[in-house]
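Enquirer: So the protein sequences, as listed, match chains A and B.
Residue 1 is where the first sequence starts when you use my numbering, and the numbers rise one by one after that.
Residue 1 is where the second sequence starts when you use my numbering, and the numbers rise one by one after that.
Mixed in with the good hints, there may be bad ones.
Stated by the list, open to error - Pairwise CB distance ranges, derived in the manner of DEER restraints:
| # | chain 1 | residue 1 | chain 2 | residue 2 | range |
| --- | --- | --- | --- | --- | --- |
| 1 | B | 46 | A | 139 | 23 to 31 Å |
| 2 | B | 56 | A | 116 | 28 to 36 Å |
| 3 | A | 112 | B | 39 | 40 to 48 Å |
| 4 | A | 141 | B | 91 | 33 to 41 Å |
| 5 | B | 120 | A | 431 | 41 to 49 Å |
| 6 | B | 124 | A | 429 | 42 to 50 Å |
| 7 | B | 50 | A | 139 | 32 to 40 Å |
Stated by the list, open to error - Listed below are several chain A residues computed to face chain B (Cβ distance under 7 Å; list not exhaustive):
| # | residue |
| --- | --- |
| 8 | 70 |
| 9 | 72 |
| 10 | 73 |
| 11 | 74 |
| 12 | 134 |
| 13 | 242 |
| 14 | 257 |
| 15 | 410 |
| 16 | 415 |
Rather than coming from a laboratory, the hints here were simulated on the basis of the structure.
Glycine is no exception: its CB is placed at the ideal position from the N, C-alpha and C atoms.
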Amino acid sequence: MVQKHDFKQLDAHLFEVPATFREDMRVPARFYADAELLKGIITDNSLQQLINTATLPGVVKYALAMPDIHQGYGFPIGGVVATALPDGVISPGGVGYDINCGVRLLATHLNHEEISPFVDDLASVLYTNCPSGVGKGGHIKLKGRELDQVLSQGARWAVKKGFGSEADLECTEESGCLDGANPEKVSPRAKDRGQKQVGTLGAGNHFIELDIVETVLEPGIAQRIGLQEGQIAVQIHCGSRGLGHQVCGDYVKRFQKSISRYGLNLPDRELVCAPLSSPEGQDYLAAMKAAANYAFANRQVLTFHIRRSFEQVLAGRVSNHHVFQIYDIAHNMAKIETHQIDGKNVQLCVHRKGATRAFGPGSPELPSVYRDIGQPVLVPGSMGTASWVLVGTRESMTQTFGSTCHGAGRTMSRKKARKAIRGVTLREELEGRGIHILAGSMPGLAEEAPAAYKDVDRVVEVVHTAGIAKKVARLKPIAVIKG
Amino acid sequence: MGFEEVEHTADHAMRIFGENLKELFVSAAEGMSSLMVADMSGIAGEIDKTIELEAIDPESLLVEWLSELAYWAEAEMLIFKTFRIKHLTDNHLVASVTGGKMPALEKLIKAVTYHNLKIKKNQQGLEVTIVFDV
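Chain A on its own, in the form it takes in the complex (with noise of 0.2 Å):
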């Protein structure tokens, strides 16, 4: 376990274990925090985590974790590491089993006095249009080689077949859909799992959300992204499913063989990784690529769900339903990107798990509706707590290559909430605040739990005051649906 003693505070929330802790570390590790937070870091592995990604090859300035950090395999929760080209590494493990998790927030003219009478409708349309849950397939059967479209395309597949519009692609990360995917890199096996998914939410952490902007910081900000005081938003938070939990297993297990080719001294196995300019590396990157734009065409899909379900439910009732996109992010991702390292351009391959990008203003990478604001991040927080919107800064460039936290990272382990926590009970509560509750598992809600979870506003405190993104709007819950 690594101790206080072993790490130096560099400022008011950053904190950096010096590269001479371990032998075996290329560059320090380094970490976000608050007073309250670090108590948490410093009681589960999170840390020597994130010291093992220090110790990648090819690793540049040093590895990186937000304050949402916990608890993962191979990589921390919250980890950001980047590896230079053409010979440093791509990890599997430092992308996860559901490539491309990340979350999509939609907005609508709607406020709560509005919808309010019809929120338990809405809340139950949702859930029946919405596939969730374990083994549960969706609406859409794809035909013949129709999968692989998906996992070209992404998004703009959805919405060619009609699920959604080019407004939504235009405010989507890499517009839904990574160049370079190759779907011939995809398993059997994975795209077997794939075929029946898009358009499911799944289970887990995963969930849809409606949603009121509670408060807004940044009223030009938010005015510009779409957001004001009072209006209704939805969430979706999922990922790319069976497919991409696949495709992460099919490589990771792919890369124990090549490991010693490449002479590869790892800490622990779930980092396995191969250079990026090896054809193991360029295959998992083609196929971690097709796996993203599944997830992206997963979450089109259910936009188009949430939006029949708002017409079923609110048409000739509210003066007007229209759900529009505001923006979807990825929070488990690897992707090729150009930053500064002493003063040069470089071109790295920066693994976010559990973490998002969040790009300043003037980059070039941003739609041009948000490209003078800075990217907007989203960070959902635990169920029945609030969720955040945040905008990229231009020192989360310098800082943390682009990168701020993903959402308020788990505190408590998934046995302690099981046991100390009763799913009907939570439910009970949390209706009790107004906040309706969907859920298949009352086990899995239990797990869920908001008491499971580090406190949203202070991982959110950290980012903002360090200057790694800046909050815009608050959003608190009226109804969750799980699988």
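Assemble the complex: chain A is given as a structure, and chain B must be docked to it using the hints.
Expert: What follows is chain B alone, placed relative to chain A:
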């Protein structure tokens, strides 16, 4: 032989015991099934499958074995409760498994990870701790 859940902040971890490698593989499969289905007695035993796998070492073989079982759970809601290992070396496994389809599962196993995966000798035989991504 047997299994116990151990603390893990984000996911599920299980410590698995067996007098030998065969028992360890059976205990691991039973442990994982117990994560997905709370009441194992409710599983019908009408479906049999033969599973044959190869891997580079026993730890990889264990991941392959559990991943195969997790695949059937997700793909067909098929949970196994009887595991007969017919042949097992460090690199090769042949097993016959029996189980049934469930109307719903408690939990989805997204993946069986290699995180700090090491089969170790103890006084009773072997043990290993496995972290499942859920």
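Enquirer: Work down the list of hints and note, for each, if the structure agrees.
Expert: Status of each hint after checking the structure:
Separation of residue 46 (chain B) from residue 139 (chain A) is about 30 Å and conforms to the stated range, judged on CB atoms against 23 to 31 Å. Checked against the hint of 28 to 36 Å, the C-beta distance between residue 56 (chain B) and residue 116 (chain A) comes to roughly 59 Å, which is inconsistent with it. For residue 112 (chain A) paired with residue 39 (chain B), a C-beta distance near 42 Å keeps the hint of 40 to 48 Å intact. The hint said 33 to 41 Å for the Cβ distance between residue 141 (chain A) and residue 91 (chain B), and at roughly 39 Å that hint holds.
For the pair residue 120 (chain B) and residue 431 (chain A), the beta carbons lie near 47 Å from each other, so the given range of 41 to 49 Å is met. Hint check: residue 124 (chain B) to residue 429 (chain A), Cβ distance near 44 Å, so the stated range 42 to 50 Å holds. At roughly 34 Å, the beta carbons of residue 50 (chain B) and residue 139 (chain A) sit within the given window of 32 to 40 Å. Interface hint at residue 70 (chain A): satisfied, since its Cβ lies 5 Å from the closest Cβ of chain B, which is below the 7 Å cut-off.
Given hint, residue 72 (chain A) at the interface with chain B, holds; its Cβ is 5 Å from that chain's nearest Cβ, closer than 7 Å. At a threshold of 7 Å, the smallest CB-CB gap from residue 73 (chain A) to chain B is about 3 Å, leaving the interface hint in force. Using the Cβ-Cβ criterion of 7 Å, the hint placing residue 74 (chain A) at the interface with chain B is satisfied: the shortest such distance is roughly 6 Å. The interface hint given for residue 134 (chain A) is met, as the beta carbon of that residue sits about 4 Å from the closest beta carbon of chain B, less than 7 Å.
Nearest Cβ of chain B to the Cβ of residue 242 (chain A): about 5 Å, under the 7 Å cut. The hint holds. Among the interface hints, the one on residue 257 (chain A) holds; its C-beta lies about 6 Å from the nearest C-beta in chain B, closer than the 7 Å criterion. A cut of 7 Å between beta carbons decides the hint on residue 410 (chain A): the least distance to chain B is about 5 Å, and the hint holds. Restraint check, residue 415 (chain A) versus chain B: the minimum CB separation of about 5 Å is within 7 Å; hint holds.
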